[in-house]
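The task is simple: from the sequences and hints, build the whole structure.
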Amino acid sequence: MAQNVLAVYPGTFDPITLGHEDVVRRATQLFERVIVAVAAGHHKKTLFSLDERIDMVREAVKAYPQVQVESFSGLLRDFVVSRGGKAMVRGLRAVTDFDYEFQLAGMNRSLMPQVETVFLTPSDKYQFISSTFVREIAVLGGEVTKFVSPSVEERLAIKVRSLAPQP
Numbered sequence: 001m002a003q004n005v006l007a008v009y010p011g012t013f014d015p016i017t018l019g020h021e022d023v024v025r026r027a028t029q030l031f032e033r034v035i036v037a038v039a040a041g042h043h044k045k046t047l048f049s050l051d052e053r054i055d056m057v058r059e060a061v062k063a064y065p066q067v068q069v070e071s072f073s074g075l076l077r078d079f080v081v082s083r084g085g086k087a088m089v090r091g092l093r094a095v096t097d098f099d100y101e102f103q104l105a106g107m108n109r110s111l112m113p114q115v116e117t118v119f120l121t122p123s124d125k126y127q128f129i130s131s132t133f134v135r136e137i138a139v140l141g142g143e144v145t146k147f148v149s150p151s152v153e154e155r156l157a158i159k160v161r162s163l164a165p166q167p
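Counting from 1, position 110 in the sequence shown corresponds to residue 110 in UniProt numbering; the numbering is continuous, with no gaps.
Honestly, the hints are just simulated from the structure, not real lab data. Remember, it's a predicted structure, so these values are computed and weren't measured experimentally. Certain hints may be false.
[Stated by the list, open to error] Derived SDA-like pairs (lysine to any residue); straight-line CA-CA distance at most 25 Å:
hint, residue 1, residue 2
1, LYS62, ARG93
2, LYS45, GLN29
3, LYS44, MET1
4, LYS125, ARG93
5, LYS45, SER71
6, LYS44, GLN29
7, LYS45, ARG90
8, LYS159, ASP55
9, LYS86, GLN29
10, LYS45, PRO10
11, LYS159, SER130
12, LYS44, TYR64
Next comes the structure, spelled out in structure tokens:
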């Protein structure tokens, strides 16, 4: 384990999936401290509010005392540097993620040369899961049990019911 190294795992986490949780678990095996940085999502229309997403992430990572959950807006660079981060964790599910993540890592290296980007892949059973798919399946009434924790599944069900047109 990297001694006294803080890693930041940024994302929108709308919602946090079992794949995200797996990446957090893997990061805790490599870094002494991990901040899961929940993006305000100014560039994305989110299903859940920032506070709801933070609550879901906190619930999901409560078993890891070395993990903190914080929100950020603006440049990720400013957040990482202000926290003293030395590594940024990014999850890679498939080859399709790599091109985008590689470009992002290059841009981040230019903005913060002192911070390394570390790519982690989730377990095979989580490699196809994305928050986008989970949201779509839930909104269309599908089963998401295999993709999210029970507490996230419950919040999704409540959110979907709240979106349904009232008679």
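Against the structure, the hints:
1. Proximity of LYS62 to ARG93 is assessed by CA-CA distance (about 24 Å); at most 25 Å being required, the pair is judged to hold.
2. For the suggested pair LYS45 and GLN29, the alpha carbons sit about 33 Å apart, so the restraint of at most 25 Å is broken.
3. This hinted pair does not check out: LYS44 and MET1 have alpha carbons roughly 34 Å apart, beyond 25 Å.
4. Between LYS125 and ARG93, the direct Cα distance comes to roughly 10 Å. Compliance with the 25 Å bound is thereby established for this hinted pair.
5. A distance of roughly 16 Å separates the Cα atoms of LYS45 and SER71; the hinted pair therefore holds under the 25 Å criterion.
6. Of the pairs offered as hints, the one joining LYS44 and GLN29 is violated, with about 31 Å between alpha carbons and a cut-off of 25 Å exceeded.
7. Between LYS45 and ARG90 the alpha-carbon distance is near 21 Å, which keeps this suggested pair within the 25 Å criterion.
8. The suggested pairing of LYS159 with ASP55 holds, with an alpha-carbon distance near 14 Å, which does not exceed 25 Å.
9. For the proposed pair LYS86 and GLN29, the alpha carbon gap of about 16 Å is at most 25 Å, so the pair holds.
10. With a CA separation close to 17 Å, the supplied pair LYS45 and PRO10 stays within the 25 Å bound.
11. Proximity of LYS159 to SER130 is assessed by CA-CA distance (about 18 Å); at most 25 Å being required, the pair is judged to hold.
12. About 28 Å separates the Cα atoms of LYS44 and TYR64, which puts this hinted pair outside 25 Å; it is violated.
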